[in-house]
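Listed in order, the protein sequences are those of chains A and B. Numbering follows the working numbering, with no gaps: position 50 of the first sequence is 55. Numbering follows the working numbering, with no gaps: position 67 of the second sequence is 529.
In short, the hints are calculated from the structure, not lab data. Every residue, glycine too, gets a C-beta built ideally from N, C-alpha and C. Among the clues, some could well be false.
A short list of chain A residues far from chain B (calculated; beta carbon distances all over 10 Å) [as the list claims (entries may be wrong)]:
1. Trp21
2. Gly26
3. Trp40
4. Arg46
5. Val72
6. Arg116
7. Ile137
8. Ala163
9. Pro223
10. Ser228
11. Leu242
12. Gly250
Taking CB as the label site, the calculated pair distances span [unchecked claim]:
13. B:Ala542 x A:Trp28: 24 to 34 Å
14. A:Arg227 x B:Arg497: 16 to 26 Å
15. A:Gln15 x B:Arg482: 39 to 49 Å
Chain B is nowhere near these chain A residues, computed Cβ spacing over 10 Å in every case [unchecked claim]:
16. Pro25
17. Leu34
18. Arg182
19. Ala184
20. Ala191
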Amino acid sequence: MSWWCSATGQAWEWTWRAYPGVWLFMLALAGGYLWAVQGSRPVEARRGALLGGSALLLIWVLLDWPVGALGAGYLVSVHALQFLGLAFVAPPLLLAGIPARRWAALAGSTRAAAGFRIVAHPLVAGPAFNLIVLTTHLPSVVDDLMVRELGAFLIDLAWVAGGLLFWWPIVAPVPARAAGPLGKIAYLFAGSLIHTALGIWLLLSRAPVYAVYELAPPIGGRSVLVDQGIAGGVMELGGGVIIIGAIAVLFFRWAGAEDGTPAGAVPGTLPAARVREP
Amino acid sequence: MANLAAALDRLPLEVTRDVRVVFVTTDPARDTPVRIREWLDAYDPRFIGLTGTDEELTSAQVAAGLVPAARDSSSTAEYAVGHAAQVLSYTADNLGRVHYPFGTRQTDWTHDIPLLHAVGRAAP
Chain A
6 MSWWCSATGQ AWEWTWRAYP GVWLFMLALA GGYLWAVQGS RPVEARRGAL LGGSALLLIW
66 VLLDWPVGAL GAGYLVSVHA LQFLGLAFVA PPLLLAGIPA RRWAALAGST RAAAGFRIVA
126 HPLVAGPAFN LIVLTTHLPS VVDDLMVREL GAFLIDLAWV AGGLLFWWPI VAPVPARAAG
186 PLGKIAYLFA GSLIHTALGI WLLLSRAPVY AVYELAPPIG GRSVLVDQGI AGGVMELGGG
246 VIIIGAIAVL FFRWAGAEDG TPAGAVPGTL PAARVREP
Chain B
463 MANLAAALDR LPLEVTRDVR VVFVTTDPAR DTPVRIREWL DAYDPRFIGL TGTDEELTSA
523 QVAAGLVPAA RDSSSTAEYA VGHAAQVLSY TADNLGRVHY PFGTRQTDWT HDIPLLHAVG
583 RAAP
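The shape of chain B in the complex, shown without the other chains (with noise of 0.2 Å):
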């Protein structure tokens, strides 16, 4: 999130005021709606954190493509949650592009992001 926000403040108005970048928690019991928005602002108060139920979440994964996220049940006070980390990139036509795995850079997202949103601007 640092690095997406970090790339944003480096790209042109005309670009990133049609970009929105939601976030979607797997671990609703944790990240209650104030903690998200919390945490969100320490990025970019633009950002959007959506949340809902176990069931809803894990629709939303596999709509998505993407393995459901799985709560390590060895502990019970300090659990961790195993979930994908992918950015996934929709453009302005509804269409899913491109799945940034962890690791992609800010260069990159300066680079993507101008053009992700001139293709979603040029199709029908």
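Bound-form chain A, shown alone (with noise of 0.2 Å):
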């Protein structure tokens, strides 16, 4: 039995396979999460619901089977997606969905909140997570640990707490900063230089880039080069969808909030989330 998705070189079948570790992982994260929104006000419950809860479907979805099997070991252009949807979608979703009382404990003058203030610094979580990125995308560390079981589980740990780590200066209320809308449109453009660039890296390679998605079982009845090119367009154009997206968001609220129009929810700045610092 296999605990977590990992390349294992045997040709692919449409055979529903069980992957205890995927489930022990997602029972932990879904409990964590519980735990955050429990005691909630109606309204932040629902909110903690949708938001969360959407996040933690997209992230079992993402890393179980067929999605997860088929991005370990076959398909380079799911792995790509598994990425995106990982370090992109779910980190942000999961963040915006804690209710303020949470944030509350994370602005108090304690060392560990101290510590996590430092850590959660935009010139920290920005480069931090582009380290990340880089890393988990390295040849050499792919190929290396996408054939082993805890090495492919590392790399989904990394695009999920990277993640985490990316989105918190712009959707976490905690630690407050003075970056404001411009600040955040910076570093979000900052954040996605890597991805891109792996991204353009990934549609203009003329030979396969990972040995295990090369030498892996064919499947689906497309060369190794044209799936590659496939994800080289998904973290293209799908991780410039989203970083665009995010900075037309901050752009037109900041942008309505100068005319006076009341900001509304914006990621970030949400009234009933803001926490002074001490």
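Dock the two chains into a complex; use the hints.
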């Protein structure tokens, strides 16, 4: 039995396979999230259920059979789709669903809170995220880790953790910063540089980049290079749409606020969630 | 086969016109000539497929220095065949040059095939 989806080298079969490690991971994640949203006001609980529930469902779909297995050992395009979902879609949804009461706990003066403020600083979170994205896409790292269950788990975990780190300064109200919308837009732009470069690299490479996908049993009738091109397109277009969408939301809400229009529920400026730093 | 085909597509014609890729089945009962042709055509119509009797195929494998394929007798319906997965390269001077194991990548082929081609042509 396999605990986590990894590259096995076996011919692909549309036969369901159990991955208990994925279920345990999802149980732990869902348990932690339920703890975070428990005792919330009804409005916050509904918001948490909708956003957090969507994020958890997405993570589960991306990690479990068949998507998880296809992305781990057969199609680099599915691997790219997993990356987008785990690092760019699920983390902001998870963060946006956490109620204000929980954020307040992170605004205290404890050593843990102080350390957390350093890690969540944009100048730390942004470069750390880019480093994670770069490292987890290096051919030597991918080829070495994806053939092992623990290695594949580490890559998936790094994407979720890196995504939480990256989106934290944008979505989370703690620690409160005076960067403003323009600062956040610049942060988002800078944060998209590495994955954009990786997408272009995959699109333009004339040879397969990753041995694990090049040597995988064929599936889907398309060549490795075509699939790699699709992966580059997924990273390029999918990531671009998400980042530009987030930038557009920030910009138009900022422009609306400049016009005197109420900002509304802007991610990161939620009135109900705003917590003053000590 | 897919990687070999993709590598040959990237090499110059003066090299590839002299290259012959020959696939030899180790399961003649299921790999009929028609089936082999269909399978190879999916990669490259220039690829050549060979089959024979069990005895002939075993002799060929032994002659090539390979461990003969063995059928998994645990199942009669959907049996598996354990077989060598190397690609053996022979140059124009009829010498076997390199055994390429499973895991040989397209970049390896595009690097080595022109060298093998040149070696074979240069040989007396």
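*Which of the stated hints cannot be reconciled with the structure, identified by number in ascending sequence?*
Structure breaks hints 9, 10, 15.
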